[in-house]
Amino acid sequence: MENIIIRQMQADEAKAVHKIGKKAFTGLESLWVAKPKQALVAVKDGKIAGAILYKFIKAGGRKIGYVDYAFVDRDYHNQGIGNVLYKGATEYLWEQGCDALTALVKDDNVGSWGLFEKNGFARTSFVNLAKQFGFLGALKQYFTTPFCFAIGMDYYVATKNQENVVSTPNSIKQLLAFFLINALLFSVTSLRGLKYDITILVVYLMLLLLTTTTEFIGTRCSSERHWTFRLTSGGTLTCVFVNIGSLFPMIGNWYPERYERTKAFRKAMGMTALVSWIALLILTAFLVFSRSQGMIASAAKQVGIYLLIYRMIPIYPFESFGSKRVYDWNKGIYVVMALATLVVIICSSI
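Numbering (the numbering used here) for the sequence shown: 5 to 354.
Derived by calculation from the structure, the hints in this document are not laboratory data.
Beta carbons are placed, not taken as given, at the ideal position from N, Cα and C, and that holds for glycine.
Possibly wrong hints are sitting among the right ones.
Restraint ranges, calculated between C-beta atoms of paired labels, are given here [claimed, not checked]:
#	residue 1	residue 2	range
1	Thr-203	Cys-351	41 to 49 Å
2	Arg-295	Arg-224	29 to 37 Å
3	Leu-343	Gln-42	19 to 27 Å
In silico SDA-like links for lysine to any residue, alpha-carbon gap of 20 Å or less [said to hold, decoys possible]:
#	residue 1	residue 2
4	Lys-144	Ala-134
5	Lys-51	Arg-78
6	Lys-26	Ile-61
Please put together the full structure from these sequences, using the hints given.
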């Protein structure tokens with residue numbers, strides 16, 4: 005890639021880099037891209053083709069290079085620019101005397117986290133951050149980056165020795181954490197005087213069990229047999245705020261051990277989400293159209309509608325609930341499922 009140059013962004017290039025960044029993301033993500041103050045740009049044939057926005061954080065007495073945004077202009081995709089850009093940015097940040105490098109990456113964004121992993125990053129948890137940087141150091145990173153607000157995202161860390169960083173998920177422990185944290189978040193919801201709190205909590209957890217179980221069944225329909233359940237670590241504060249007036253679970257999902265850029269793999273990913281979506285839709289539709297009036301049925305219908313709304317939106321921050329996997333696999337199936345879901349939601353209010 006001799007014709008790709010990685011260099012510091014010049015002051016008069018900030019506007020152009022900002023424009024490319026906003027174009028590179030969809031949904032609410034594009035609104036978060038701020039005008040960069042510090043960035044490394046990838047230049048090809050005299051034009052900016054991509055950039056990595058970064059900043060430095062002091063935490064636990066150590067200098068941390070935080071990758072705020074990383075993107076390549078859509079017009080330059082599949083030209084190897086990402087590989088060169090990520091490698092160049094990582095080398096540059098180490099040269100600035102950083103003790104560690106960090107980044108936030110969306111759960112299914114294999115294009116991004118795959119490049120981070122190639123450059124020494126590993127997915128980690130808040131507990132491992134605290135081990136590495138101390139509790140206050142981890143807390144500072146949590147609140148000085150979008151970590152606390154970024155739903156469905158994971159925190160990645162690279163250190164010079166890679167000690168106490170790598171977090172290998174155990175599906176059973178992650179499932180238990182998923183149900184426990186969402187039960188605790190429900191306690192925030194109960195502050196607004198929701199009737200039948202215990203009944204709704206039990207129903208809520210049962211519906212989450214339904215979705216995680218059927219997602220697991222979906223993984224059995226795949227040729228990729230190595231899947232693990234993982235609770236994503238980003239967005240806790242957002243979930244707390246949203247749960248004050250609604251129900252919004254932390255993201256937990258089944259993830260394959262390896263990702264591929266193939267049609268068969270997109271189908272495997274789509275099937276896990278589709279099976280779960282169908283199960284939730286059938287149950288909620290039955291409750292809506294049967295006009296069930298019991299306490300448990302009413303609670304299940306109420307919670308089911310919330311979860312279906314999140315399921316049908318394929319853009320951030322809702323895409324991690326599964327609809328984006330279905331959309332990427334088969335847009336026709338997605339449209340059918342979205343329309344059926346919309347019918348159920350509308351009929352529930354009649």
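Structure-based check of all given hints:
Distance hint check for Thr-203 and Cys-351: the Cβ-Cβ separation is about 23 Å, which falls outside the suggested range of 41 to 49 Å. Judged by the Cβ atoms, the range 29 to 37 Å given for Arg-295 and Arg-224 holds: they are separated by roughly 35 Å. A hinted range of 19 to 27 Å is violated for the C-beta pair Leu-343 and Gln-42, which are about 45 Å apart. At roughly 10 Å between alpha-carbon atoms, Lys-144 and Ala-134 fall within 20 Å of each other, so this suggested pair holds.
About 13 Å separates the Cα atoms of Lys-51 and Arg-78, which keeps this hinted pair within 20 Å; it holds. Distance restraint check for Lys-26 and Ile-61: the Cα-Cα separation of roughly 24 Å exceeds the 20 Å cut-off, and the hinted pair is therefore not satisfied.
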